[in-house]
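K.L.:
So the chains spell out like this:
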Amino acid sequence: MQQPEVRTMGQKTMGIKSVKTKGIRSWSSYLFVLPGLGFLVFFMFFPIAYNFWLSVKDVKVTNLNGEQHFVGFANYATIFKDELFTISLTNSIIFTGLSILFQFVIGFALALFFNKRFPGRDIMRSLMLLAWLMPIVITATLFKWMLAGDYGVFNYLLQTLGVIQQPVSWLTEADTSLYGTILANIWIGIPFNMIILLSGLQSLPDHLYEAAKLDGASRFQQFVHITLPLMRPTILVLLMLGVIYTFKVFDLIFIMTGGGPVNASFVLPLYAYQLSFITFDFSLGATVASIMFLILIALSAVYLWMLRKEEQTL
Amino acid sequence: MDHRKSGYGAMFLAILSTILFLFPIYWMFATSIKPMSDLFASPPHLIPRDVTFAAYLENVFKNPYILGYIGNSFLIACGTMVVTLLLAAPAAYALTRLNLRGKGLILILLLASQMLPNIMLAMPFFILFSKLGLLNSFLGLIIANTTVSLPFAVLVLRPFFLSIPSVLDDAAAIDGCNKWTTFWRVILPLIKPGMLTVGAFCFLFGWGDFLFAMLLTTEESIRPLTLGLYKFIGQYGTQWNNLMAVATVAAIPIVIIFITLQKYIVSGLTSGAVKD
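Those sequence lines, one after another, are chains Z and W. Quick note on our numbering: the first sequence kicks off at 6 and runs consecutively. Quick note on our numbering: the second sequence kicks off at 116 and runs consecutively.
Rather than coming from a laboratory, the hints here were simulated on the basis of the structure. Since the model is a prediction, treat every value here as computed from it, not as a measurement. Hints may be right or wrong, so weigh each one.
What the hints assert, rightly or not - Label-pair restraints from in silico Cβ distances: (1) Z:Phe51 <-> W:Gly352: 39 to 45 Å; (2) W:Phe189 <-> Z:Asp211: 44 to 50 Å; (3) W:Ile134 <-> Z:Leu219: 37 to 43 Å.
Said to hold, decoys possible - DSSO-like, lysine-lysine: derived pairs with alpha carbons at most 27 Å apart: (4) Z:Lys121 <-> W:Lys378; (5) Z:Lys121 <-> Z:Lys218; (6) W:Lys177 <-> W:Lys307; (7) Z:Lys65 <-> Z:Lys86; (8) Z:Lys314 <-> W:Lys378; (9) W:Lys378 <-> W:Lys307; (10) Z:Lys62 <-> Z:Lys86; (11) W:Lys246 <-> Z:Lys62; (12) W:Lys246 <-> Z:Lys65.
No residue lacks a Cβ here, since even glycine has one placed at the ideal position from N, Cα and C.
Please model the complete structure; the sequences and the hints are all you need to start from.
P.N.:
Put into structure tokens, the structure is as follows:
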């Protein structure tokens with residue numbers, strides 16, 4: 006509002022005025038951010054704080070509105086000693102690790118392929134994204150059906166290819182249930198990896214490849230010495246985001262196996278859910294959630310450190 | 116390179132891999148139009164032989180609950196979209212244009228908030244909402260979903276605002292616009308593609324939510340279609356054609372949004388979500 010006025014002022018007044026308007030400007034600027042920020046602080050940072058606060062108390066359903074005590078790190082000790090914690094942490098690491106590995110490798114292969122020019126490329130590329138956009142509940146139900154032991158189409162495929170002789174009940178056997186959920190999660194993640202890597206590939210300068218070709222570098226040499234080093238920042242961000250998103254996955258496993266059979270596919274988010282909403286040990290549930298949060302924070306600290314190192318070497 | 120020749124070979128391979136990759140979605144639809152007896156055929160009919168829409172008739176058109184679930188899903192998804200856009204657009208604008216202290220800190224907090232496990236939010240919400248009387252309410256679900264979509268929305272919108280030259284702001288100011296009218300009348304219309312992208316994603320977030328709906332509601336009259344589908348899994352067991360019919364119906368809005376906005380979705384994903 007002040008700006009047009011300021012512009013018509015003389016030199017000296019303008020100096021004074023602009024100091025004043027700067028104050029007003031930044032104050033009213035906060036009004037733009039305030040609703041969003043206020044919302045986030047209240048509905049997001051409050052829950053985080055509340056989680057940590059609960060994790061050092063002894064709140065259960067029985068004393069939710071009654072007397073509560075400060076117990077220090079006793080809940081953390083209880084959780085670390087619990088066998089279920091070890092199981093779910095291990096499963097979470099396997100789930101995240103294998104999902105990311107396959108999503109990334111297959112996504113990268115597809116990205117390299119779709120980086121070529123051919124008719125219909127853009128349509129097919131974005132069609133694949135449909136898998137990523139599907140609500141998880143649908144994907145989970147769908148894969149439950151495809152991986153069904155008796156009449157699932159996945160067993161039919163494997164039997165036709167001669168990979169297995171007898172049908173496997175993928176989701177109801179302890180040896181395979183975790184891998185069944187991983188398979189579904191890989192399918193979901195491939196298009197996201199492909200799209201991000203593809204946009205990275207498309208921003209690489211052509212002349213480097215032309216120069217390499219003149220020098221007689223093979224396709225493979227070009228990939229190792231040009232593509233990979235230049236793609237490093239994109240790859241780092243992508244892997245990091247992948248780990249964070251995959252570590253949080255709840256719906257998919259909850260619907261496909263419920264964590265079973267006998268905890269064979271039990272992961273950390275399910276563990277937190279069970280403590281908070283099945284046995285109503287709110288403090289223990291909050292402790293698991295807080296541990297997950299700390300793991301993710303630690304991971305992203307490593308990521309930021311790697312990114313900084315990256316910038317220094319460039 | 117011989118673009119022409121290798122072009123068609125590559126196209127053929129691409130079509131093959133796309134079909135293979137999207138087979139599960141085809142299988143969902145194919146199962147939904149099969150009669151019950153054909154589900155358990157061995158080997159399975161990869162192309163349905165007897166086509167019937169009985170599963171749709173039975174579960175969608177004759178089932179009054181499903182229409183309720185669909186309506187609820189729309190309400191939650193649209194609510195999430197509107198609230199997120201209203202909060203995110205001015206915030207993203209301010210973070211790119213205006214003189215703000217602590218801009219960097221806010222951006223880092225937004226990034227950090229994306230890694231919160233939803234289950235970590237759900238429990239405090241449950242306790243908070245029970246005190247505020249927001250359990251079993253659309254508003255509660257919209258708030259919960261907005262906490263997830265808001266940071267994402269700000270981060271994706273930011274590059275769109277950055278791409279508009281600030282000369283425009285100055286010109287608007289000369290013409291007598293204040294900060295709000297500059298934002299509302301000049302800048303916002305220019306970032307329509309960004310708003311479409313983010314709006315589409317927020318709708319998808321809201322439509323797909325399962326965890327919050329499961330934990331923050333108990334009444335069927337509030338619950339969205341995702342929970343309806345989950346309930347059917349328990350009820351129907353192995354009546355996969357019925358389940359897949361409901362799943363297909365739940366997927367239809369996603370497919371429609373995707374087809375109409377795919378250009379925006381792809382570019383939004385690559386420009387905002389990662390590079391920033």
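K.L.:
Could you run down the list of hints and mark each one as holding or not?
P.N.:
Each hint, compared with the structure:
{"no.": "1", "hint": "Z:Phe51 <-> W:Gly352: 39 to 45 Å", "in the structure": "holds, 41 Å"}
{"no.": "2", "hint": "W:Phe189 <-> Z:Asp211: 44 to 50 Å", "in the structure": "holds, 46 Å"}
{"no.": "3", "hint": "W:Ile134 <-> Z:Leu219: 37 to 43 Å", "in the structure": "holds, 38 Å"}
{"no.": "4", "hint": "Z:Lys121 <-> W:Lys378", "in the structure": "holds, 19 Å"}
{"no.": "5", "hint": "Z:Lys121 <-> Z:Lys218", "in the structure": "holds, 16 Å"}
{"no.": "6", "hint": "W:Lys177 <-> W:Lys307", "in the structure": "violated, 40 Å"}
{"no.": "7", "hint": "Z:Lys65 <-> Z:Lys86", "in the structure": "holds, 19 Å"}
{"no.": "8", "hint": "Z:Lys314 <-> W:Lys378", "in the structure": "violated, 35 Å"}
{"no.": "9", "hint": "W:Lys378 <-> W:Lys307", "in the structure": "holds, 13 Å"}
{"no.": "10", "hint": "Z:Lys62 <-> Z:Lys86", "in the structure": "holds, 18 Å"}
{"no.": "11", "hint": "W:Lys246 <-> Z:Lys62", "in the structure": "holds, 19 Å"}
{"no.": "12", "hint": "W:Lys246 <-> Z:Lys65", "in the structure": "holds, 16 Å"}
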